[in-house]
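Taken in order, these protein sequences are the chains called A and B.
If you read the first sequence in our numbering, its first letter stands for residue 9, the second for the next number, and so on.
If you read the second sequence in our numbering, its first letter stands for residue 483, the second for the next number, and so on.
Hints in this document: simulated from the structure, not taken from any laboratory.
Any given hint could be a false lead.
Label-pair distances were calculated between CB atoms; the ranges are [what the hints assert, rightly or not]: (1) A:Ala38 with B:Arg1271: 54 to 60 Å; (2) B:Leu500 with A:Gly121: 25 to 31 Å; (3) B:Val1251 with A:Ala38: 57 to 63 Å; (4) A:Gly50 with B:Leu500: 47 to 53 Å; (5) A:Gly140 with B:Val753: 46 to 52 Å; (6) B:Ala844 with A:Ser82: 55 to 61 Å; (7) B:Gly507 with A:Glu212: 22 to 28 Å; (8) B:Gly507 with A:Ser82: 49 to 55 Å; (9) A:Phe35 with B:Arg1271: 25 to 31 Å; (10) A:Asp133 with B:Gly507: 42 to 48 Å; (11) A:Gly121 with B:Arg1271: 21 to 27 Å; (12) A:Asp133 with B:Val753: 55 to 61 Å; (13) A:Asn192 with B:Val497: 20 to 26 Å.
The beta carbon of each residue, even a glycine, is placed where N, CA and C say it ideally should be.
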Amino acid sequence: MITFRNVSHRYPGGHGRTFDALTDVTFDVAEGSSVAIWGRSGSGKSTLLNLIAGLDQATAGSVRVAGQDLGAMSERALTRWRGRHVGVVFQFFQLLPTLTVRENLLLAMEFVGVVPRPERTGRIDELLQRVGIERQRDKFPAQLSGGEQQRAAVARALANRPALVVADEPTGNLDVASARAVMNLFGTLRERGVTIVTVTHDEEIAARADRIIALDDGRCVARPRSTP
Amino acid sequence: MCRQAEVDPVSMSLVKALADLRAQGLRAVLSWVAIAVGTTAVMAAFGAHAVLDREIARSFEDSRPPAVVVWTDAVDADLLRRVASLPGVAGAEARRQVRARAEVGDGTWRSVLIYAIRDFDDMRVSKVHALDGSAPPSVGSALVEQSAVSVLGTERGATLALRIATQREKRSLVVSGWAHDPAQAPGWQDDVAYLYVTPATLSALGLTPQLDQLHIDVAGDDNAVAPLAREIQRTLRAANRPVHRVEVPVRRHPHADHMEAMLGLIRVLAVLSLLLSALLAASLFGALLARQTREVGIMKAIGGSPGAIARSSLWLALILSGTAAFTGVGVGILAGQRFARFAARELNLYDVALTVPGGVIAAVFGAGIAVPVAASAWPILRASRINVREALTDPGLRGEKPASVGAATRRRGALVTLSLRHALRSRARFALNVTSLALGGAMLMTAANVHRSLVAAVDASVAPRTDRIELRLLEPAPTTALVTAAASVKGVRRAVPWGAVRAGIALPDDTSAPPVVGHVAVLGPPEGSLPKTTRLVEGRWPVASSQAETVSLAVNRQLLATVSDLHLGAPVNLVVGGRATPATIVAVVEEVGIASAYVAPAGMAHLLGRDDVSGALRLELHDEASSVAVAARLESVLARENWFPHDLVTRASLRAAMRDHFRILLVVLLTLAGAAIAVGVLGLATTMSINVIARRREMGVLKSMGATAGHIRRLVLLEGAVATTASVLFALALSFPLSAAVRAVVGAHGLHVTLPREHAIEAVGAWLVLAGLCTVGACLGPARDAVRRPVRELIGYA
C-alpha cells in the first residue's frame, strides 16, 4: 500500500539555511494493516504523515501510495488522488464550524463524487451510526464534545470509502475514554481492510498498531525502550 | 546580587505591534491602503470646501462690488471727489456700460457689454484686473474678460466687428489683452462677452466719452446703504446733476446659488467619505484583530494583563492609521487643491490661494487616526477580555451561531450551504462590510440619479416649446412690423410675439423713488396663460384687467432667491424707462432659467404704457437644422430695421447654455461618483481579499478532503457574490433617500426648481458589474495563491 524509498524532506529555514525533517527513510506498509508513526516532538512524524497523505511532497526519494508515485504528481492531481484514496483526521478535528456534522460529510462527498448522489444520505447515516454519533447528525461542531467531534472527523475521513486513513495525533486532544473509543474505531476499520496510519507519541496507542515506525531526528530507528 | 534588566512595557507593546504588522503582511497593506484612500477622499472634500468657501468670498470682496449705483449724465472728477468725501462712503468710481453685438463669423453675433473705465491704474470700486500687464488698453482697443474669450472665439490682436445699440453703422475694436472681472458670472455660461475700454475709446466708437454711472462702496453694514443712497441723490441734485436711476445691487456673486449648491454637494461628499472610511476602518480592523485571538490566549497564559494586550493592539492600529492618515492627508490636499482650481475656473474666480487651512488639515489628520483606532476599540477590548481557554481554542467563530439557511439552499449542496453560512457567519462584520460597500454604490447611484434629474429638468424646460429661435429686444418694437419682418426671413414658418421688457425691481418704502434692488425679465405670454415650461407652485396665474392700477405678477423662484423680501402677496414697483409701476406678486412658479416674472397681456400693456409693441419673438422654423442660418438672417433684418437684440438664441444654444450653467454641479456629481467608485471598489477589494486570506487554513482542510481548485474558487466566489449582491441591493435602497436629499439641495440652490425623480438604471448596472468584477478579482487572487500551495503549508498557516 505504501512504499517509501530513501525519502528525505528538507524545509527552508531563515537566512538561507535549511532544516532536514526526514533523512533517507525507507519502509513498506501492507494493505489493510495499521501502522503507528512514533517519536518525540520534532522527530519528523507529522512530516512523514504529510508525505503519506500527499499533503506535501518529498524533496528527495520515492513515495508510492496506493500504486501512485506521489512525487510525480501536480498539486491538482494530488488533490484529486487524495480525495479518492485518503481520509485525513487532524489533531484539532478541523471540522467546518459553519456546517452541521451531516453537511461536513456531505461536502467531502460532493468534492470527490465517488459516492453516487442518491446513496449519500444513506452512507452518511451508516457512517455516523458506525462512529456512534448518529443522534448528533444535525448539530454544529461547537455543539459537540471533543470526542464526538473527533468521531465526526473520522466519519468525514471515511466518507469517500478511502483505502487509507491517516490520523495526526487523533487522540491528542481527547480525554482517556474518548481516545479509547476513537482507537477502537480505528481497529474496526482495520478489520474492514482499511489501512490506518496514525501519528502518535502515546506508547499505549502505538502498541495497538500492527507495526510501529519509530523516528528520531528524521531517521527511522529501532524503537527505544523509554517513552518519548 | 544579580539585577534583572527592566523592560519598558510600552516599548515591548510597540515591538509586538511591529512584529504583528510584519506578520499580517498583505492584510496590513490592504488595510493601510483602504484607510489612506478613505482619508484622501475626506481630505480632498473638506480641503476643497475650505478653499472654495474662503476664496469665493475673498474674490468677490476683492473686486469691491458697489453697494449703490447711480445713473446720471456725466461723472467728472469734481463730482467723484464730492461723493467720495461724503460720510459713510468708502469709495466712489465712475463707469459706463454700453450694450453691443459682436460678429463671431458666418453672420453669427453675440451679445457684448462694453465697460468704460475711468482709470485702469486707479480703480476704487468695481475693480477689474488687467492680466499680463496689458492695461490700459490703447484707444480703439479693448481688454476681453478671460471667461468670455471662447464666446467671441478671438485672440490677442484680432479685430472685433461690433454693432452698438444706439448706432446704425458697424464699428470695430482691437483685442489688446485679457482682463478678469470677479463680479461677473463666467461669460461662457451666459453666452455674453465683457469688454473693457478707456473713455477715449468710447469717442473712437462714435459715442460721447462721458461716464454716466457712479459706483459707490459704503462703509458699515447693509443698514447704512439705503440712507446713504438717499444722501447721494440729494448731493447730486444739489449739484444740479440729474438722477436717472438709483440701484442698490444685491451684494452676492451672480452665481452664488450655484456655488452654494456646489459647496452643499461637496459637504455631502465629505460626510459620506468620512462615514465610508469609518465603516471601512471598522470592518478591516475587526478582520485583522479577529486573527489574533489565539495569540491573545498565549499572551494571557504567560501573564499578559488585558491592559498590556490592548496596548499592543492599539499600537498596531495607531501605526497603521497614523501612517495611512499622513499619506492620505498629503494626497488629499493635492486632490482637493486640484478640484478647487478647476471649480475656481468654472466660477470665474481669480488668483485663487489654494492653501488649505491648518485647522482643517489637523482635524482630518486627527479623524484619520482616531476613527480607525476608535473602530478597533471594541475588537481590542473584546480580545483583551477573552478567557485563556476560549482564546487558545478559538476557531475564529467564537460566540457566533451559524446562520440558518433555507431548505432550498441546502438542496443545492453542502458547498453552497458552506458559502452562505460563511458569508453570514459574523452578522456584525457582514453588516459592516455590506454597509461600507453599499455606501460607495449608493454614492455612485445618487450622483447618476441627480445628474439625470438635472438633465431632465433642463430638457423639460425646452422640450415643450415648438419655437426654435428666441429673440429678446433691448427695447420693445411695434408688434405688427416686428412679426412681418421676422416672418419674411427665409426659413421662418411662424413668428409669435411675446411681451418682454427688462425691469428694475424697487421695494416700496417711505420715499417717492425707492432704489432699484434687482432686475427681472418681465414676460407676457401671448395666450395669457402659464407657459408649458413653468409650474405654478403658489397663488394663481395673473389675469389682470386693463383697468387695474396694479400689475399682477407671477414670479419664478430664481427672482425670490435674488431679491430678498419678495414673497407671495408682496407689493413691488417695476421700473421701466425710469417709470415705476406698482405690482403685486400673485403667483410663484418654478422653471429652469434666469430670474423672470410673468404678466397677463393687459399687465404688460400697463407696464409699457401701450399695447402695440412686443419685446420678444419666438420663431417656429420649417427646418430645425437651419436655425443658425435663420438666426444670422434675422440678425441682418434687425440691424436693417434698427432693432437691437438683447438676446438671440437658437434652441440648441439655449439648451447648451442651460446645461453650461449647471456644468459645475454636474462635474461635482461626477467627481462624487468617481470618488465613490474609487473608495467603494477599493473597500470591496480589500474586504473580500482579507476575508479570503484569513481562511487559508480552512482551504487546506478542504483540500485535504479532496476539494479541487474549482471547488475553492466556487466557494469564495459564492461568498463574495452574497456580500456583493447584498451590497448592491442595499446601495439601491440607500440611493433613494440620498438622491432625494441631494436633489433637494441642488433644486433649492442650483436651479430653484423641484427636480424630477429620475433613476439611472445604468448606474445600478455599472455598480453591479464593477462590484462583480472587483469581487472576482479580489476573491480569486488570494484563492489562487491558496490553491497552489501544498496543504501542509495552508494547515500551518496562522
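Hint check:
1. A:Ala38 with B:Arg1271: 54 to 60 Å: Because 32 Å falls outside the window, the suggested range is violated.
2. B:Leu500 with A:Gly121: 25 to 31 Å: 47 Å Cβ-Cβ, so the 25 to 31 Å window is violated.
3. B:Val1251 with A:Ala38: 57 to 63 Å: holds (58 Å)
4. A:Gly50 with B:Leu500: 47 to 53 Å: Violated - the Cβ-Cβ distance for Gly50 (chain A) and Leu500 (chain B), about 29 Å, lies outside 47 to 53 Å.
5. A:Gly140 with B:Val753: 46 to 52 Å: Check failed, 60 Å falls outside 46 to 52 Å.
6. B:Ala844 with A:Ser82: 55 to 61 Å: holds (57 Å)
7. B:Gly507 with A:Glu212: 22 to 28 Å: violated (42 Å)
8. B:Gly507 with A:Ser82: 49 to 55 Å: This hint is violated: roughly 26 Å between Cβ atoms.
9. A:Phe35 with B:Arg1271: 25 to 31 Å: Taking Cβ atoms as reference, Phe35 (chain A) and Arg1271 (chain B) lie about 28 Å apart, which means the hint holds.
10. A:Asp133 with B:Gly507: 42 to 48 Å: holds (44 Å)
11. A:Gly121 with B:Arg1271: 21 to 27 Å: holds (24 Å)
12. A:Asp133 with B:Val753: 55 to 61 Å: holds (57 Å)
13. A:Asn192 with B:Val497: 20 to 26 Å: Given range 20 to 26 Å: violated, Cβ gap about 49 Å.
Hints 1, 2, 4, 5, 7, 8 and 13 from the list above are not met by this structure, while the remaining hints are.
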